[in-house]
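Enquirer: With the hints as a guide, bring the two chains together.
First to last, the protein sequences are chains A and B.
The numbering of the first sequence is the working numbering, which starts it at 1 and goes up by one.
The numbering of the second sequence is the working numbering, which starts it at 1 and goes up by one.
Just so you know, the hints here were simulated from the structure itself, not pulled from any lab data.
Check each hint, because a few of them may be wrong.
Unchecked claim - Stretches of chain A that chain B covers, calculated by requiring three or more beta carbons in the stretch to come under 8 Å of a beta carbon on chain B:
| id | stretch |
| --- | --- |
| 1 | 16-29 |
| 2 | 55-64 |
| 3 | 68-78 |
| 4 | 93-101 |
Here a beta-carbon is modelled for each residue, glycine too, at the ideal position from N, C-alpha and C.
What follows is the residue order along each chain.
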Amino acid sequence: ETGVTQSPTHLIKTRGQQVTLRCSSQSGHNTVSWYQQALGQGPQFIFQYYREEENGRGNFPPRFSGLQFPNYSSELNVNALELDDSALYLCASSLEASGRDTQYFGPGTRLTVL
Amino acid sequence: QKEVEQDPGPLSVPEGAIVSLNCTYSNSAFQYFMWYRQYSRKGPELLMYTYSSGNKEDGRFTAQVDKSSKYISLFIRDSQPSDSATYLCAMTGGSNYKLTFGKGTLLTVNP
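Only chain B is shown next, with the shape it has when bound in the complex (with noise of 0.2 Å):
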C-alpha cells in the first residue's frame, strides 16, 4: 500500500463544475498537508497549505483535512479552463524534511 493515494484518476469536467479531489494517507505523523497545480511541462506550484485538520479557503478553492479519518480533499468552485492542470497532494511531518506526493490528478475544463 502506497503511503498517500489519490483520487480520481483523470477528470474531465465543463466549465462551472465543481471538482472534487481527494488523498488519503497511513503516516499519522503527517501534520502539514498542501496542494499544488502543475500545468503540463512545468514545475509545481503551491495552491493550498493547511496544518492539522481543518478547512481552509482561498477564492474558489477550499481544501479540507481530516486527520481522524487520514483524508484529505480540495474543492474547486466554478471550474475555469484555466484550472485544466495536475493536481499533486503532498505532506509531510513536524520534524520531516520531505514531501510526500499523491501521483496526481490530471483535470481538463472544457469550455
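Isolated chain A (complex conformation) (with noise of 0.2 Å):
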C-alpha cells in the first residue's frame, strides 16, 4: 500500500453531466498527479499539481481541471462528460515535482460515463 487513497472507487454518470474526484497524498508529499488510463492502455498524464499551482498539463482539454489544497490532497472536475471520458483515473503523489522523484500511485477511480 502506497498510502495514496482515491474517492469514490466507481462512478457512473451520464453524458453532459460533472463529476468530482478526490485524492489524499502520501504523508509528506507536495505533488500530486493525475492520469487517465483506458482499457488496454498505459496511463495518460492529464496534470500534475505542485503546492497548490498547477505545475504542467498534458494534451486534454480545459473541462478537465483540479485543484489542490493546503493539505496537498487534490480534486478532478471534468465537466461536460463524455461516452470517451470512461476510464480508470489515477492520481499519484511525490516528494517534489522533479523526475527523479518516484511517484505513487493510489488504487483509482473507476468512472463510466453513459
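Expert: Now the structure itself:
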C-alpha cells in the first residue's frame, strides 16, 4: 500500500454531467499528478499540482480541471462528460515535482459514462 | 509514432520461465526509467527504478537501460503465478514532471 487514497472507487455518470474525483497524497508529499488510463492502455498524464499550483498539463481539454489544497490533497473535475471519458483515473503523489522523485499511485477511480 | 512503444503484447508463460519485457522510446531527454506492475483493478505499483544507462537487479527482477539505443528491458527469472499482472514501462526527464508510459504488457504465468 502506498498511502495514496482515492474516492470514490467507482462512479457512473451520464453524458453532459460533471464529476469530481478526490485524492489524498502520501504523508510528506507536496506534489500530486493525475492520469487517465483507458482500457488496455497505459496511463496518460492529465496535469500535476505542486504546492497548490498547476505545474504542467498534458493534452487534455479545459473541461478537465483540478485543485490542490493546503494539506496537498487534490481534486480532479471533469465537466460536460463524454463517453470517451470512461476510464480509470489515477492520482500519484511524489515528494517534490522532479523527475527523480518516484510517483506513488493510488488505487484509482473507475468512471463509467453512459 | 508513439513516444514509448512497449512489447510484447499479451504473454502467457509456464511457471519458472524467464520473461523478457521491452520498451523503446524516441525522446532523448528521458533520464529516469521505471517499471510498474499493475494487478487487475488496482493502481500501478513501482517495481524497478533506474537512472540513466545500466543494469539494476532486485531479487528475481532485472532492469536494463541502454540510452544509446533508446531501449529498456525488464527480466523476470523463475516466474511465479503471482507475477501475473500488467507490466508498464514509464520514463521521464530530469526537469520533466510527467511520466510517459508504454501501453503495458499483460503477463499470465500458468502453474
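Enquirer: For each hint, tell me whether it holds in the structure or not.
Expert: Results of checking the hints against the structure:
{"no.": "1", "hint": "16-29", "in the structure": "violated (count 0)"}
{"no.": "2", "hint": "55-64", "in the structure": "holds (count 3)"}
{"no.": "3", "hint": "68-78", "in the structure": "violated (count 0)"}
{"no.": "4", "hint": "93-101", "in the structure": "holds (count 4)"}
Against the hints set out earlier in the document, violations occur for numbers 1 and 3.
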